[in-house]
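Enquirer: Sequence:
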Amino acid sequence: MTLDLRQLPRRSSRLVDLNLLKIRISSNLPEFDAYAYFSRFAEEAPSAEPADHEIHCVDLDLALDRDTFDTGELRARADRTLRAKRFRAGYYLNHIFGAPAHLITEGHRSYVFGHRLERTVWPYFVKRILTDFAVDHGYLHLKAGGFTFADGSATLLVGPNGGGKTVFLTQACRAGARFLTNTHVLVRDGAAFAVPSAVRIRRDPQFDDLIERHRLTPHVESGDYLAAPELLFPGVPADTGRIRNIVITAHDPAGHRGFEPISADQAALFLDQFASAVTNYGLKDDLLVHFGGDFEKFTAALATTRTQLTELVAGARCFRANVDMLDPGCRAEVLAELGGEPAGKVPGPAGPAGATRSAGPTG
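Quick note: to get my numbering, add 163 to the position in the sequence shown (first position is 1).
Hints were generated in silico from the structure; no laboratory data involved. Virtual Cβ for every residue (Gly too), placed ideally from N, Cα, C. Don't take every hint at face value.
As the list claims (entries may be wrong) - No more than 20 Å apart at the CA atoms, straight line, and that leaves these computed lysine to aspartate or glutamate pairs for EDC-like:
(1) Lys447 with Asp457
(2) Lys460 with Asp449
(3) Lys460 with Asp224
(4) Lys248 with Asp448
As the list claims (entries may be wrong) - Ranges of calculated distance between the beta carbons of each label pair, as one might list FRET restraints:
(5) Thr268 with Ala338: 40 to 48 Å
(6) Ala338 with Arg240: 51 to 59 Å
(7) Pro397 with Gly235: 53 to 61 Å
Can you build the whole structure from these sequences, using the hints too?
Expert: This is the structure:
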């Protein structure tokens with residue numbers, strides 16, 4: 164039986180709104196956990212423009228469909244790219260692994276066959292689609308959190324895993340800043356554009372009731388749950404903001420404490436390794452495939468990304484932060500500085516040096 168990709172069983176489908184682009188996600192499962200990673204969905208209308216990309220997920224464990232698909236045919240139809248080869252080995256992206264899967268790409272449509280495919284949608288497809296969109300439309304795709312102030316100015320937070328950007332973002336928003344984004348941001352001409360998504364939270368007395376009341380979906384990483392930012396922070400999340408500050412969070416109780424300016428060159432070097440999507444997510448092979456293997460287009464895109472990154476840090480105030488945002492006095496001074504009202508040197512923490520991370524990016 165020849166596989167007809169246009170006639171795949173679709174028992175659920177959502178049009179995800181990522182602010183600057185929309186993605187259609189569908190599954191042969193009536194309940195598909197991948198939808199929980201997103202916080203905004205577009206209204207369906209006959210006159211609506213088509214999605215920028217489509218992701219069709221077929222779970223081979225579903226009894227009704229198990230005998231419909233021949234694994235030999237799936238292997239034969241699968242892409243011949245490095246990413247497809249890794250999918251077949253059960254490696255999706257970064258630290259996300261799962262059962263072997265078959266990836267078939269046709270233009271702006273991606274088809275994936277396997278098991279527990281929510282492990283592929285946010286961890287891989289969204290990151291790759293955002294990167295492709297960015298290079299095609301003149302944006303810079305960064306891994307970053309962010310918030311805005313009342314004047315519309317934005318602060319971007321970048322840092323290594325465990326560096327404290329999550330606590331920084333959460334405490335800033337609870338202190339009056341407006342939530343912008345928690346994992347991905349698209350940047351162009353000094354403006355940050357949010358990528359709406361759910362926020363990862365962990366069970367503790369603060370969130371237990373929220374998890375139970377809203378029946379939140381577990382994250383692919385054990386022990387975490389997914390919540391829309393509207394459930395966690397006051398007000399409506401911002402869609403965009405003019406970038407005023409870039410803060411590199413480096414929480415280390417044993418290290419040098421403080422909130423201090425750094426040079427644009429230092430910020431650029433750090434962002435290139437920890438925020439640039441192509442570098443941080445290991446998408447260089449995918450980007451080369453996106454350009455059809457064209458060396459000139461590929462290298463031109465990388466050069467543009469480097470220029471955009473240089474211009475971004477040159478137009479912003481850049482800081483390094485090793486502070487305790489859970490301490491009210493410290494938090495107030497940091498936010499005053501970021502808001503354009505210098506409050507002098509930020510002291511070391513008065514409270515505990517370390518804090519349990521209770522909310523975090525979806526990754």
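Enquirer: Which of the numbered hints above does this structure break?
Expert: 3
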